[in-house]
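Read top to bottom, the protein sequences are chains D and X. Residues 643 to 990 in our numbering are what the first sequence spells out, letter by letter. Residues 77 to 297 in our numbering are what the second sequence spells out, letter by letter.
Some clues are possibly wrong.
[Unchecked claim] Among chain X residues calculated to face chain D with C-beta under 10 Å, some are: (1) Tyr89; (2) Val119; (3) Asn120; (4) Tyr122; (5) Asp150; (6) Tyr205; (7) Arg206; (8) Pro207; (9) Gly240.
Honestly, the hints are just simulated from the structure, not real lab data. Since this is a predicted model, take the numbers as computed values, not measurements. For each residue, glycine too, the CB sits at the ideal point set by N, CA and C.
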Amino acid sequence: MKGNEAIAEAAIQAGCRHYFGYPITPQTEIAAYMAKRMPKIGGTFLQAESEIAAINMVYGVASAGKRVMTSSSSPGISLKSEGLSYLAGADLPALVVNAQRGGPGLGGIQPSQSDYFQATRGGGHGDYHMIVLAPSSVQEMAQLTIKGFELADQYRMTSMILADGTIGQMMEPVSFDFDIKEQPAKPWATTGTKMAREHNVINSLYLNPELLEKTNIERYKKYELIAQTEAMAEEYLTEDADIIIAAFGIAARVSRNAVNEARAHGIKAGLIRPVTLWPFPSAVFAKAADHAKQIISVELSMGQMIEDVQLATKCRVPVSLCYRVGGMIPTPDQVYQAIVEANEKGGK
Amino acid sequence: MNYKRITLLAGHYGSGKTNIAVNMAMELKKEHEHTAIADLDIVNPYFRTLDSKNELEAAGIRLIVSPYANSSLDIPALPQDMYAIVDDERLYSIIDVGGDDRGALALGRLSRRIAEENNYDMFLVINKYRPLTPDAQSVAEVMQEIEEAGRLKFTGIINNSNLGSGTDAECILGSLDYAKEVSELTGLPLVLTSVEEKFYDELKGKIDNLFAMKLQKRPVD
Chain D
643 MKGNEAIAEA AIQAGCRHYF GYPITPQTEI AAYMAKRMPK IGGTFLQAES EIAAINMVYG
703 VASAGKRVMT SSSSPGISLK SEGLSYLAGA DLPALVVNAQ RGGPGLGGIQ PSQSDYFQAT
763 RGGGHGDYHM IVLAPSSVQE MAQLTIKGFE LADQYRMTSM ILADGTIGQM MEPVSFDFDI
823 KEQPAKPWAT TGTKMAREHN VINSLYLNPE LLEKTNIERY KKYELIAQTE AMAEEYLTED
883 ADIIIAAFGI AARVSRNAVN EARAHGIKAG LIRPVTLWPF PSAVFAKAAD HAKQIISVEL
943 SMGQMIEDVQ LATKCRVPVS LCYRVGGMIP TPDQVYQAIV EANEKGGK
Chain X
77 MNYKRITLLA GHYGSGKTNI AVNMAMELKK EHEHTAIADL DIVNPYFRTL DSKNELEAAG
137 IRLIVSPYAN SSLDIPALPQ DMYAIVDDER LYSIIDVGGD DRGALALGRL SRRIAEENNY
197 DMFLVINKYR PLTPDAQSVA EVMQEIEEAG RLKFTGIINN SNLGSGTDAE CILGSLDYAK
257 EVSELTGLPL VLTSVEEKFY DELKGKIDNL FAMKLQKRPV D
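Throw the hints in and build the complete structure from the sequences for me.
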């Protein structure tokens, strides 16, 4: 199935019965799939009048304690950003998918990873984070969608699937043999008091600055806990690696081929693939910096994740960038050449 | 295969229409000097007949495709020379109709003329392993939607069941009952079972009307 379909089916299997969206290439298959399936399983598919309307519908269903999602692509995510900030301010769980395309502006419809900053820094206004998951296969599109719903409920916050046009469009076999956990109780949800309890209030407006400060500080304690416990990365041949590639999503798949090519030529190359972009798997990079001579960040952007790699390694190792933008994808050969150059340079 | 003057391929998006269309055009060209392949997909800007432009042109097959296909301009444009399909009666063509009923809407511009001439086949391409068409009932629904949108009746079925790079002979054999059920439910004959050429020898004799295909596109590794 297609990557976008895998997300939609996984969401349904995770118990999501509410989808609100607005079409945009290259993620429209998610909406198309939901439009076909939701009416048949007692769910709601609604094509909103705009991205902004859709994200606010998500806010509504999340307040009522139900699993809910929306999806879009880069320009559409910018439109949703106000809503993302409100979801964070109201501590609401939701799943948002961004199948990134080239930017800025309307950009192009081809794949990109240039919304990394937007996603990992929150996107909208105010102090907040989203959990950001970066699938690099169609199987992982499904798997991380389920994980995304679980984390969102567990921490009462938004999970974002930061995919790209390639993974959204490509077709691979998928197994749906998932062990889906029961949804947690949501005693905070606005489900009606039945005259038996006080009203639950969902709100992001604080008239009292002291209370707003306290709420933000408490939220950041939660973020700290998530950073310690939920960071995920896949390591490939890193143990003895001199040259380490940092790459996520589609860039990681290309890089893996380049690493194999380098190994075949006797260069000790390895790959660290962050699966969570926020929290960033800093510890894995810090450990790799103990023995690596060079790190190359391979990105479909002008260099965004590279800053997190530099922070994680405290600049103990030179970090260079290998990139394509505008909807272009680096070839394995381009990445391999970057490895060869880095290897010749040596480094620390 | 015995081709009519116009062969249309329609079905659920991602069922494999474009691959079959390109392979059919190659085969058709061997029988007919004037052969064309037309890409009427107004839905998906990504996977297009144009990806095989070089092979098709080298074979001398006329390519009828929107000037915006494979560009980054995501608009549902039709090729201006698509009327050659119905106007030029020397021309034998394979038409790759876009996915689902939305894609088949584009056919409405040509369907009356095609039906009047009545020298056409329209094949429903099915894939058991696509998530929204796993059984005969769901295929029949898609079929009806496409017929209503495209205003043309199907004449046969092509079983293109595959799991992409995860396909094996067993997976293809496991789709035969499904194809049979679709055929019985829709009343349409099963015309071909299309498989990647590497499975042809293994499956020959086990499946009737086997059609070997070169895959035009490969998934990213």
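| field | Satisfaction of the Gly240/X interface hint, Cβ to chain D closer than 10 Å | value | holds (5 Å)
| said: The hint names Tyr89/X as touching chain D; please verify it with the least Cβ-Cβ distance against 10 Å. | reply: holds (8 Å)
| field | Supplied contact hint for Tyr205/X, tested at 10 Å Cβ to chain D | value | holds (8 Å)
| query | Are Pro207/X and chain D close enough, Cβ to Cβ, to be under 10 Å, as the hint says? | reply | holds (5 Å)
| field | Hint validity - Asp150/X Cβ closer than 10 Å to any chain D Cβ | value | holds (5 Å)
| task | Hold the hint about Val119/X up to the distance rule: shortest CB distance to chain D must be less than 10 Å. | result | holds (9 Å)
| Against chain D, is Tyr122/X within 10 Å by beta-carbon distance? | holds (5 Å)
| Given Asn120/X was flagged as interface, is its beta-carbon under 10 Å from a beta-carbon of chain D? | With Cβ-Cβ at 8 Å, under 10 Å, it holds.
| At a threshold of 10 Å, is the proposed contact between Arg206/X and chain D supported by beta-carbon distances? | Holds, because the Cβ-Cβ distance from Arg206/X to chain D comes to roughly 7 Å (cut-off 10 Å).
Every hint from the earlier list agrees with this structure, and none is contradicted.
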